[in-house]
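**Student:** The chain contents come next:
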Amino acid sequence: EADIYQTPRYLVIGTGKKITLECSQTMGHDKMYWYQQDPGMELHLIHYSYGVNSTEKGDLSSESTVSRIRTEHFPLTLESARPSHTSQYLCASSVGNSPLHFGNGTRLTVT
Amino acid sequence: DAKTTQPPSMDCAEGRAANLPCNHSTISGNEYVYWYRQIHSQGPQYIIHGLKNNETNEMASLIITEDRKSSTLILPHATLRDTAVYYCIVRTASSGNTPLVFGKGTRLSVIA
Numbered sequence: 006e007a008d009i010y011q012t013p014r015y016l017v018i019g020t021g022k023k024i025t026l027e028c029s030q031t032m033g034h035d036k037m038y039w040y041q042q043d044p045g046m047e048l049h050l051i052h053y054s055y056g057v058n059s060t061e062k063g064d065l066s067s068e069s070t071v072s073r074i075r076t077e078h079f080p081l082t083l084e085s086a087r088p089s090h091t092s093q094y095l096c097a098s099s100v101g102n103s104p105l106h107f108g109n110g111t112r113l114t115v116t
Numbered sequence: 208d209a210k211t212t213q214p215p216s217m218d219c220a221e222g223r224a225a226n227l228p229c230n231h232s233t234i235s236g237n238e239y240v241y242w243y244r245q246i247h248s249q250g251p252q253y254i255i256h257g258l259k260n261n262e263t264n265e266m267a268s269l270i271i272t273e274d275r276k277s278s279t280l281i282l283p284h285a286t287l288r289d290t291a292v293y294y295c296i297v298r299t300a301s302s303g304n305t306p307l308v309f310g311k312g313t314r315l316s317v318i319a
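Top line first, the protein sequences correspond to chains A and B.
In short: position in the first sequence from 1, add 5, done, that's my numbering.
In short: position in the second sequence from 1, add 207, done, that's my numbering.
Just so you know, these hints were derived from the structure itself, not from any lab.
Glycine included, each C-beta is placed from N, C-alpha and C at the ideal position.
Some hints here could point you the wrong way.
What the hints assert, rightly or not - Calculated lysine to aspartate or glutamate pairs in the EDC-like style (CA-CA distance at most 16 Å, straight line):
#1 B/Lys259 x B/Asp274
#2 B/Lys311 x A/Glu84
#3 B/Lys259 x B/Glu273
#4 B/Lys311 x A/Asp35
#5 B/Lys276 x B/Glu238
What the hints assert, rightly or not - Ranges between beta-carbon positions, derived for each pair:
#6 A/Thr31 x B/Met266: 35 to 45 Å
#7 B/Asn264 x A/Arg87: 35 to 45 Å
#8 A/Thr91 x B/Pro228: 14 to 24 Å
#9 B/Thr279 x A/Gly21: 47 to 57 Å
#10 A/Asp43 x B/Asp218: 17 to 27 Å
#11 A/Gly101 x B/Ser216: 39 to 49 Å
#12 A/Gly19 x B/Asn261: 45 to 55 Å
So that you can see chain A by itself, here it is in the shape it has in the complex:
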């Protein structure tokens, strides 16, 4: 089974706080992705990276930012959380044209 880890699994935080969602994979995959998904809705790509120091924005505009300083690590940061950021955030990785491996997600609630 794929080794991709997301922490925290659940996060409840107040408006205005800065948060970082962690995503790490131990498979040496060059490509990593962040998707956002509201309950019962589609997944929307918000960020992706094809290698170290490479990041791109996805189809859905997001106020979050990402960084890729190391191959295995792709954290997502919200500088000032708002209730509209409440959602599930899913991280994935792949290598070449292989299928995506997903983490179990972080469920974020901003009060």
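Assemble chain B onto chain A, guided by the hints.
**Tutor:** This is chain B only, laid out in the frame that chain A set:
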């Protein structure tokens, strides 16, 4: 990548075969058909993919029509744990540099 069309929802009795259809009438010759599923509150899971030949693995079978304009994912003996949203995605083998885009999928409910 070509667009796909799936029914929004389906029911299947436990122990019976679940047949999930997908239309991809604009598929081009070098595009593969991929299937993923997402069990409630988890990340999507890869199931199977194929180009033109039928494929089978430990999870499912994929039947692709001769004209490749549609396909069917078959879960031969559905269990309650197969209840999930199933996504059919078409993309080329060289799409590794194009992120995967998920549609609405089919919500399969396996009923005891």
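**Student:** Could you run down the list of hints and mark each one as holding or not?
**Tutor:** Right, here's what the structure says about each hint:
{"no.": "1", "hint": "B/Lys259 x B/Asp274", "verdict": "holds (9 Å)"}
{"no.": "2", "hint": "B/Lys311 x A/Glu84", "verdict": "violated (30 Å)"}
{"no.": "3", "hint": "B/Lys259 x B/Glu273", "verdict": "holds (7 Å)"}
{"no.": "4", "hint": "B/Lys311 x A/Asp35", "verdict": "violated (27 Å)"}
{"no.": "5", "hint": "B/Lys276 x B/Glu238", "verdict": "holds (11 Å)"}
{"no.": "6", "hint": "A/Thr31 x B/Met266: 35 to 45 Å", "verdict": "violated (23 Å)"}
{"no.": "7", "hint": "B/Asn264 x A/Arg87: 35 to 45 Å", "verdict": "holds (43 Å)"}
{"no.": "8", "hint": "A/Thr91 x B/Pro228: 14 to 24 Å", "verdict": "violated (34 Å)"}
{"no.": "9", "hint": "B/Thr279 x A/Gly21: 47 to 57 Å", "verdict": "holds (50 Å)"}
{"no.": "10", "hint": "A/Asp43 x B/Asp218: 17 to 27 Å", "verdict": "holds (24 Å)"}
{"no.": "11", "hint": "A/Gly101 x B/Ser216: 39 to 49 Å", "verdict": "violated (34 Å)"}
{"no.": "12", "hint": "A/Gly19 x B/Asn261: 45 to 55 Å", "verdict": "holds (53 Å)"}
Going through the hint list in order, the structure does not satisfy hints 2, 4, 6, 8, 11.
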